[in-house]
Amino acid sequence: GAVVSQHPSWVICKSGTSVKIECRSLDFQATTMFWYRQFPKQSLMLMATSNEGSKATYEQGVEKDKFLINHASLTLSTLTVTSAHPEDSSFYICSAALLAGVYEQYFGPGTRLTVT
Amino acid sequence: GENVEQHPSTLSVQEGDSAVIKCTYSDSASNYFPWYKQELGKGPQLIIDIRSNVGEKKDQRIAVTLNKTAKHFSLHITETQPEDSAVYFCAASGSNQGGKLIFGQGTELSVKP
Chain A
848 GAVVSQHPSW VICKSGTSVK IECRSLDFQA TTMFWYRQFP KQSLMLMATS
898 NEGSKATYEQ GVEKDKFLIN HASLTLSTLT VTSAHPEDSS FYICSAALLA
948 GVYEQYFGPG TRLTVT
Chain B
437 GENVEQHPST LSVQEGDSAV IKCTYSDSAS NYFPWYKQEL GKGPQLIIDI
487 RSNVGEKKDQ RIAVTLNKTA KHFSLHITET QPEDSAVYFC AASGSNQGGK
537 LIFGQGTELS VKP
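In order, the protein sequence lines correspond to chains A and B.
With our numbering, the residue at position 5 of the first sequence is 852, and numbering never jumps.
With our numbering, the residue at position 36 of the second sequence is 472, and numbering never jumps.
Be aware that one or more of the hints could be misleading.
As the list claims (entries may be wrong) - Covered, in the sense of this in silico footprint (three residues per stretch, anywhere, with C-beta under 8 angstroms from a C-beta of chain B), are these stretches of chain A:
(1) 889 to 902
(2) 953 to 962
What the hints assert, rightly or not - Heads up, simulated SDA-like pairs for lysine to any residue below, C-alpha to C-alpha not over 25 angstroms straight-line:
(3) Lys-473/B to Thr-896/A
(4) Lys-494/B to Val-850/A
(5) Lys-473/B to Gln-885/A
(6) Lys-867/A to Gln-853/A
(7) Lys-473/B to Lys-911/A
(8) Lys-478/B to Gly-900/A
(9) Lys-473/B to Leu-873/A
(10) Lys-911/A to Gly-534/B
(11) Lys-888/A to Lys-494/B
(12) Lys-478/B to Ser-901/A
(13) Lys-458/B to Gln-889/A
Rather than coming from a laboratory, the hints here were simulated on the basis of the structure.
Virtual Cβ for every residue (Gly too), placed ideally from N, Cα, C.
Turn these sequences into a full structure, and let the hints steer you where they fit.
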């Protein structure tokens with residue numbers, strides 16, 4: 848149980864275009880989903896927290912207009928990287944929390960984004 | 437806010453030996469401490485977690501200990517195998533963090549056959 852999927856697993860896009868990444872909880876309803884980015888040989892950096900039906904809460908320094916997050920249902924959250932640039936190339940990982948306040952987070956397999 | 441320090445950054449052991457990774461946290465209100473294993477190119481996988489009302493938890497070859505007074509917790513892997521090779525992350529969370537996980541810097545474990 849507690850399986851989280853992401854799609855696509857990897858994507859290459861041209862500079863200036865937008866890319867959408869989907870995160871789904873397959874066998875449970877997630878009250879909260881989190882989006883992280885990870886650079887090579889570094890830890891996970893939290894970008895934003897999203898709750899179903901409400902606006903995402905972004906961490907300090909993360910541009911909300913550049914990284915659009917939509918949490919349309921209890922099983923789906925999307926991250927759209929708008930007007931992507933090479934410095935946005937990274938490994939993006941989502942996680943889903945089983946229950947509010949319980950803290951366990953289950954992570955997706957990640958999406959490798961390369962902006963050329 | 438919470439800060440989590442993890443040591444060592446790299447750890448190399450012989451197959452069959454034990455491996456220990458240590459983390460310290462700063463916020464005494466944190467009460468949830470998970471450990472994740474991340475293989476290259478994959479997302480982190482929860483391997484064990486502990487809450488602040490427990491001092492030790494074991495799952496086969498993996499154990500976690502928590503010292504609330506000293507604010508540190510450790511991951512112990514016994515009888516290591518080559519497939520244990522990965523990056524391990526500790527994290528801390530609690531009501532002060534609103535459910536967010538604060539991660540340590542990671543430990544790259546290499547198990548040599």
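Hints versus structure:
For the region 889 to 902 of chain A, the stated coverage by chain B holds: 5 residues have a C-beta nearer than 8 angstroms to a C-beta of that chain, and at least 3 were required. By the rule of at least three residues with a Cβ nearer than 8 angstroms to a Cβ of chain B, the coverage given for the region 953 to 962 of chain A holds, with 6 such residues. Using a Cα cut-off of 25 angstroms, the hinted pair Lys-473/B and Thr-896/A holds, with the two alpha carbons roughly 22 angstroms apart. With a C-alpha separation of about 23 angstroms, the suggested pairing of Lys-494/B with Val-850/A holds against the 25 angstroms cut-off.
Of the pairs offered as hints, the one joining Lys-473/B and Gln-885/A holds, with about 14 angstroms between alpha carbons and a cut-off of 25 angstroms not exceeded. Restraint check: the Cα-Cα separation between Lys-867/A and Gln-853/A comes to about 11 angstroms, which is no more than 25 angstroms; the hinted pair holds. Distance check on the hinted pair: Lys-473/B and Lys-911/A sit about 29 angstroms apart at the alpha-carbon level, beyond 25 angstroms; violated. Among the hinted pairs, Lys-478/B with Gly-900/A is inconsistent with the structure: their alpha-carbon atoms are about 29 angstroms apart, more than 25 angstroms.
With a CA separation close to 21 angstroms, the supplied pair Lys-473/B and Leu-873/A stays within the 25 angstroms bound. A C-alpha spacing of about 20 angstroms is found between Lys-911/A and Gly-534/B, which places the hinted pair at or below 25 angstroms, so the restraint holds. Note on Lys-888/A and Lys-494/B: the hinted pairing is violated, with a Cα-Cα distance of about 28 angstroms set against a maximum of 25 angstroms. For the hint pairing Lys-478/B with Ser-901/A, the CA-to-CA distance comes to about 29 angstroms; that exceeds 25 angstroms, so the pair is violated.
Taken as a hint, the Lys-458/B and Gln-889/A pair is honoured in the structure, with Cα atoms around 17 angstroms apart against an allowance of 25 angstroms.
Violated hints, listed in ascending order, are 7, 8, 11 and 12; each of the other numbered hints is respected by the structure.
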